[in-house]
Amino acid sequence: MTPGHFIDRLQTGLWRENPGLVQLLGLCPLLAVTTTFVNGLGLGVATLVVLTCSNVLVSATRRWILAEIRVPIYVLIIASLVTCTELIIKAWFPALDRSLGIFIPLIVTNCAIVARAELFASRNGIAPSFFDGLGMGAGFALLLMAIGFFRELVGKGSLFADFHMLFGGKTLAGLVVVDGGWLLAVLPPGAFFSLALAVALKNYLDGKRDAAGRT
Amino acid sequence: MEFEHREAPHMAPTADVATMMQQVLLALVPAAVAHVWFFGPGLIFNLLIATAACVGGEALMMRLRGRPPVRALSDYSALVTAALLAFALPSLTPWWVTATGALFGIIVAKHLYGGLGFNIFNPAMAGYVVVLVAFPMHLNLWVAPRMGDIDYQFLSVLQTLTYTLTGSLPDALTYDEISRATPLDAMKSGLNDMRTTVEIRSLPIMGDFGGVGWEWIGNFIAIGGFWLMIRRVIRWHIPVGVGVGLLIPAGIMWLASPGTEPSPGFHMFSGAALMCAFFIATDPVSAAASPKGRLIYGAGIGFLIYAIRTWGADVDGVAFAVLMMNMAVPAIDRITRPRIVGHRRDAGAP
Chain R
306 MTPGHFIDRL QTGLWRENPG LVQLLGLCPL LAVTTTFVNG LGLGVATLVV LTCSNVLVSA
366 TRRWILAEIR VPIYVLIIAS LVTCTELIIK AWFPALDRSL GIFIPLIVTN CAIVARAELF
426 ASRNGIAPSF FDGLGMGAGF ALLLMAIGFF RELVGKGSLF ADFHMLFGGK TLAGLVVVDG
486 GWLLAVLPPG AFFSLALAVA LKNYLDGKRD AAGRT
Chain D
683 MEFEHREAPH MAPTADVATM MQQVLLALVP AAVAHVWFFG PGLIFNLLIA TAACVGGEAL
743 MMRLRGRPPV RALSDYSALV TAALLAFALP SLTPWWVTAT GALFGIIVAK HLYGGLGFNI
803 FNPAMAGYVV VLVAFPMHLN LWVAPRMGDI DYQFLSVLQT LTYTLTGSLP DALTYDEISR
863 ATPLDAMKSG LNDMRTTVEI RSLPIMGDFG GVGWEWIGNF IAIGGFWLMI RRVIRWHIPV
923 GVGVGLLIPA GIMWLASPGT EPSPGFHMFS GAALMCAFFI ATDPVSAAAS PKGRLIYGAG
983 IGFLIYAIRT WGADVDGVAF AVLMMNMAVP AIDRITRPRI VGHRRDAGAP
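First to last, the sequence lines map onto chains R and D.
Just so you know, we're using my numbering here: the first sequence kicks off at 306 and counts up by one.
Just so you know, we're using my numbering here: the second sequence kicks off at 683 and counts up by one.
No lab work stands behind these hints, which were simulated from the structure alone.
Predicted model only: the values in this text are computed from it and were never measured.
Think of the CB as a built atom: it goes at the ideal place given N, C-alpha and C, for glycine as much as any other residue.
Please note: incorrect hints may appear among the correct ones.
As the list claims (entries may be wrong) - Looking from chain R toward chain D, a few residues come up when the C-beta cut is under 10 Å (computed):
1) Trp487
2) Leu488
3) Leu489
4) Ala490
5) Leu492
6) Gly495
7) Phe498
8) Ala501
9) Ala503
10) Gly512
This is chain D alone, in the form it adopts within the complex:
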């Protein structure tokens, strides 16, 4: 009788790319539901378009590179890129904007650098920055969140789909009726008009920490992020780094001048800060490698988000912060190279 003979390791590894990416997608589901509840069904259309473009781009590039497309498509990483891009875009985005961002992210930022595992830049953020620079008008149109007692126009599924496909509103609606300044935008322009944070915080779009709707989406993102941490899909270093890097400068400035500086809570729950901390910055390919490096990497992103929001021209700076720290990753990896067992720390370092 012959026994089946297998070599070590005898337990199959559970942390392959596809499982990781599936869990990341699963962790985004609560936030997606909250997003659809507050901002309407636009996210679903964005997701569908971005997914189609990402999968198509991935298949095309694998074919051009002479590799089997199935191998790349079965690891779900293109779907995560599509999901992150869809979350970054406003819920009303014409399809060509979404498709441009997705195709750029996959074709240029991912495959021209060598595909999954070799891309220097986070593909979703690279794609987002390209459409942000190329279509500034479309990317600044955010619909008002569902606010309860405030009178506002909420787009139906059909109207949202029409806008997504044609890029123009139905004749009965004007942009002023459906869109509102985002909390970060209102804060920035309010401060520029010499109003105090207390006045700005009393606007109907503001919630307890961030804006109405936004902060609830943030809560669900955080829940998904903590679940990923418990599942050990992501480690705690990058989210903590982003939080510390954002909250410490924000806290110091707020304590020094609470009338002219938004609170750390506002910074944390506005824009894409939480999304960045748990889902965007934690992309294992474009982040630093060692735990210490990841803390530095996260803190750099957090600080850059604060710097761009406070002193920059853009309203939110997550994408630029992530891309800038992506560029710093080789240097971070170099100075945080772990000590090899048996070597002294100062010996052997070039």
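So here's chain R without its partners, still in its complex pose:
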């Protein structure tokens, strides 16, 4: 594999086949936890780590996985990785664990991860699978962060609040742009609206680029 391939894999995950924006996978955590930027960052990084590791493991063991029982095996691999991640977060970032709650163990059911194992890692070598997991995970994490940023700003009027959940130390209020915000954005409907706006923005940018490419 040439470096061009790696960049191509990263681009695919980050933009062209972004799991959240294009494949619309893993919407449950995407919609549920993105009330703040920090939540999005925390869950995004956890998903990124699990996705990259599961891609590598599935790719490394793909010769021995029987086709008939491949999905249970993927789930076993992913569940073990998620358990490790959950214990790490519990040990070092207890505040983040309390904030994300059930959504960390629920990374197991994130269909984006099983989809990459099934569609990519089980058919490709370790290195491409690693970069695929990195690209897809980063694409998902960036989308989580972008939606968290947007919803926090509109819904609470703050930016980057509660960063102490990641780094410890004293409570950090973040940047307060305005006091209070438009409550709807942090409620579940706001999550759907934000995702819809993000998908629309991506399609708009793609359409514009295609139009520029044709002329």
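The hints should help you fit chain D onto chain R, whose structure is shown.
Frame of chain R, contents of chain D only:
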């Protein structure tokens, strides 16, 4: 000599969108007058703000979509949306709440779905639900109706305008002086406190069926609605459906336990039930298509209103009921597809 040559049909159709919408607006006038009499001039300010926002949003979206704004603005549908939203909001509503609801209804619920004729959801109700969720505090402030002998503070035009523009009361007034629980709210919280319907009905805010003021506005809404039916702007199916869907469960529960269940008359004349039956649910775009489908659609709304009022967290459930049945419309249209002449009912159905 040359005669003017025209093709059939030779009589101009009278039922275009603009005429329909004008008649709907006209039918709301008596109710609006009653509303202003009982709750003060707030409705007029709400109407003005909602109209400005709806017309502005409509023009903006038509421009963005590359169509002539005049075409959409001349069909009066944005004005009907504005009027329904203004009626749904409390008479004291800050301008940004009204404007948010109106802009959301027009921009998201109407134009992002394709404009008039394509919107799945009733724009006024979608806008109302958004502000209900986003500004719960402002939407729960209802002023006391004009009650005759009861001592209450009635806001002047200037005070109402000040509140509408700033969102805060003049220093001399407190919220407790001007606001009262709505009849539905009083009924719900009274029943939660283990009081009987007879006790609750003896409160000064209660009238013959619903609350003081509310039931008179309801009467005028019904008069406007019947006029629309006579003019054949709306058909009888949806209002009857809403009435049946609301009154049958309410009647059964009331007969079974009159002490703990409000009467069907209270349900009909409280909140937005009549408004919904005649003006909101009858929106031809977001309702079911066939007569039978419209009966089912109306009955579903009526039952959901009863269910939300009785078992839900919200005090009135009209907006949620309408939006939920809007979602059910494709399914209703599918099962009530009229038989094509010459086809058997069971043949050809997928």
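field: Status of the hint placing alanine 490(R) at chain D (closest C-beta pair under 10 Å)
entry: At about 8 Å, which falls below the 10 Å cut-off, the nearest Cβ of chain D leaves the hint on alanine 490(R) intact, so it holds.
Notebook entry, point to check: How about leucine 488(R): closest beta carbon in chain D under 10 Å, or not?
Noted result: holds, 5 Å
Query raised in the report: Going by Cβ atoms only, is glycine 512(R) closer than 10 Å to chain D?
Result: violated, 15 Å
Original post:
Taking the least C-beta to C-beta distance, is alanine 501(R) closer than 10 Å to chain D?
Top reply: Since the shortest Cβ distance to chain D is 9 Å, the answer is holds.
Given hint tryptophan 487(R) near chain D, where the shortest CB pair must fall under 10 Å | holds, 6 Å
Tell me if the interface restraint on leucine 492(R) is satisfied: Cβ within less than 10 Å of some Cβ in chain D. holds, 6 Å
- Item | Hint status (Cβ of glycine 495(R) to nearest Cβ of chain D, threshold 10 Å) | Cβ of glycine 495(R) sits 9 Å from chain D, so the hint holds.
Can you verify the interface hint for leucine 489(R): is its Cβ closer than 10 Å to any Cβ in chain D? holds, 4 Å
Would you check whether phenylalanine 498(R) satisfies its interface hint, that is, whether its CB is within less than 10 Å of any CB in chain D?
holds, 8 Å
(message) Hint validation: alanine 503(R) versus chain D, beta carbon distance must be below 10 Å. Holds or violated?
(response) violated, 15 Å
The earlier numbered hints that this structure contradicts are 9, 10.
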